[in-house]
Amino acid sequence: MELSITLMGLFVGTLVGLTGVGGAALLTPLLIVLGINPSIAVGTDLVYNSITKLFGVAQHYKQRTINFKLAKYLAFGSIPSAVLAIVTLHAFPSFHEHQETIIKHALGYVMTLVAISIIFRVFFDKLIRPNRFQEMDLNQKKGLTIGIGVVFGFIVGLTSIGSGSLFAIAMLYLFKLKTSELVGTDIAHAFLLVTVAGILNASFGSVDYMLTANLLTGSIPGVLIGSRLSTKVPSRPLQAIMATIILISGIKLI
Numbered sequence: 001m002e003l004s005i006t007l008m009g010l011f012v013g014t015l016v017g018l019t020g021v022g023g024a025a026l027l028t029p030l031l032i033v034l035g036i037n038p039s040i041a042v043g044t045d046l047v048y049n050s051i052t053k054l055f056g057v058a059q060h061y062k063q064r065t066i067n068f069k070l071a072k073y074l075a076f077g078s079i080p081s082a083v084l085a086i087v088t089l090h091a092f093p094s095f096h097e098h099q100e101t102i103i104k105h106a107l108g109y110v111m112t113l114v115a116i117s118i119i120f121r122v123f124f125d126k127l128i129r130p131n132r133f134q135e136m137d138l139n140q141k142k143g144l145t146i147g148i149g150v151v152f153g154f155i156v157g158l159t160s161i162g163s164g165s166l167f168a169i170a171m172l173y174l175f176k177l178k179t180s181e182l183v184g185t186d187i188a189h190a191f192l193l194v195t196v197a198g199i200l201n202a203s204f205g206s207v208d209y210m211l212t213a214n215l216l217t218g219s220i221p222g223v224l225i226g227s228r229l230s231t232k233v234p235s236r237p238l239q240a241i242m243a244t245i246i247l248i249s250g251i252k253l254i
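At position 224 of the sequence shown the residue is numbered 224 (the UniProt record's numbering), and the sequence of numbers has no breaks.
Everything labelled a hint here was simulated from the structure, so no lab data went into it. A hint or two may mislead.
As the list claims (entries may be wrong) - Ranges between beta-carbon positions, derived for each pair:
{"hint": "1", "residue 1": "203", "residue 2": "120", "range": "32 to 38 Å"}
{"hint": "2", "residue 1": "125", "residue 2": "76", "range": "24 to 30 Å"}
{"hint": "3", "residue 1": "76", "residue 2": "130", "range": "22 to 28 Å"}
{"hint": "4", "residue 1": "128", "residue 2": "2", "range": "27 to 33 Å"}
Stated by the list, open to error - Dumping the calculated DMTMM-like pairs for lysine to aspartate or glutamate here, alpha-carbon to alpha-carbon at most 25 Å:
{"hint": "5", "residue 1": "178", "residue 2": "125"}
{"hint": "6", "residue 1": "69", "residue 2": "181"}
{"hint": "7", "residue 1": "178", "residue 2": "137"}
{"hint": "8", "residue 1": "126", "residue 2": "181"}
{"hint": "9", "residue 1": "69", "residue 2": "137"}
{"hint": "10", "residue 1": "176", "residue 2": "135"}
{"hint": "11", "residue 1": "142", "residue 2": "181"}
{"hint": "12", "residue 1": "72", "residue 2": "181"}
{"hint": "13", "residue 1": "252", "residue 2": "100"}
{"hint": "14", "residue 1": "232", "residue 2": "181"}
{"hint": "15", "residue 1": "141", "residue 2": "125"}
{"hint": "16", "residue 1": "62", "residue 2": "181"}
{"hint": "17", "residue 1": "72", "residue 2": "2"}
All values reported here derive from a predicted model rather than from experimental measurement. Note that beta-carbon positions come from the ideal geometry of N, C-alpha and C, so glycine has one too.
Using the sequences and the hints, build the whole thing.
Printed below as a string of C-alpha cells:
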C-alpha cells in the first residue's frame, strides 16, 4: 500500500511538473478509489498541498513574482469561506453523517468545472484576452476579487480541489499579470488557503500524516522530473488529456 501511494505521488507530481495543472483534481479522487475515506482524502490532500506549495512560495518570493495585494484580497474572501465549508461538514451532525456522500458529489461537480476550465484555457484563450476587466485597476475590482475568493474558497474547503486551477483561471482573465507573476501569486494565495484549511482539517482528525509523507516521497522527485521534461514535451496536448481524464472521473462521481 505504501509503495502504491508513493508511486501515485510520483505519477501526479510528474504530471503537475509537466503541465502545471490538475494536481489535487487527480490526487483526491485517486485516494478515494484506493479506499481512503473521502474526508481523510480531502484533509490529507490539503496538508500535502500546503507543504509542496511552500517550496514554490519561497522561490517566487526570491524572484519577486508575487502580487501580494491581489493575493491578500483573494485570501480575504477564500479563507473565511473555506473555514465555513470545513466547519459545516464536521461540526453539524446532519452534514457530518452524510459527509462522504456530500464530498463525493461535490468532487464530481468541481472536477467537471476544473476540466472545462482547463479545456477552455487550452483552446479558447485568445478569444477572451485581452478584455476590459484586465484593464481596470485592482482597487476597482476589490469587491469582485474578494467575491471570487469567497466562491472558490468554499469549493476548496469542501473538496481540496481548485486552489490552483480555478483561481489561476480567474486571475488569467480578470487581471493583467505577467505569466511569472500570475503563477507566483496563484501559488502564494493557494499556500495561505490550503494551509489554513489543512490545519483546520487536522484539528478535526481528518489528516493521515503517514499517507502525506508517502505522497511527498513520490511527488517531490516527480515534480522535478516533470519540470525538466516540460521543455521537451508540448504541454497543451497533455493538458487536454488531463482535462479529459478529470472530466470523465468527475462525471462518474456525480
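Hints versus structure:
As the Cβ distance of residue 203 to residue 120 is approximately 36 Å, the hint placing it in 32 to 38 Å holds. Between residue 125 and residue 76 the C-beta distance comes to about 28 Å, which sits within the given range of 24 to 30 Å. About 26 Å separates the C-beta atoms of residue 76 and residue 130, a value consistent with the hinted range of 22 to 28 Å. Between residue 128 and residue 2 the beta carbon distance is about 44 Å. The supplied range of 27 to 33 Å is therefore violated.
Distance hint between residue 178 and residue 125 is fulfilled; the C-alpha atoms sit about 15 Å from each other, no more than 25 Å. Distance hint between residue 69 and residue 181 is fulfilled; the C-alpha atoms sit about 12 Å from each other, no more than 25 Å. Our distance criterion of 25 Å between C-alpha atoms is met by residue 178 and residue 137, whose separation comes to about 15 Å. For the hint pairing residue 126 with residue 181, the CA-to-CA distance comes to about 19 Å; that is within 25 Å, so the pair holds.
Distance hint between residue 69 and residue 137 is fulfilled; the C-alpha atoms sit about 12 Å from each other, no more than 25 Å. Of the supplied pair hints, the one linking residue 176 and residue 135 holds, its CA atoms being roughly 7 Å apart against a limit of 25 Å. With a CA separation close to 18 Å, the supplied pair residue 142 and residue 181 stays within the 25 Å bound. The straight-line distance between the Cα atoms of residue 72 and residue 181 is roughly 14 Å, inside the 25 Å bound, and the hint therefore holds.
This hinted pair checks out: residue 252 and residue 100 have alpha carbons roughly 15 Å apart, not beyond 25 Å. Distance check on the hinted pair: residue 232 and residue 181 sit about 23 Å apart at the alpha-carbon level, within 25 Å; holds. This hinted pair checks out: residue 141 and residue 125 have alpha carbons roughly 21 Å apart, not beyond 25 Å. With a C-alpha separation of about 12 Å, the suggested pairing of residue 62 with residue 181 holds against the 25 Å cut-off.
The suggested pairing of residue 72 with residue 2 is violated, with an alpha-carbon distance near 38 Å, which exceeds 25 Å.
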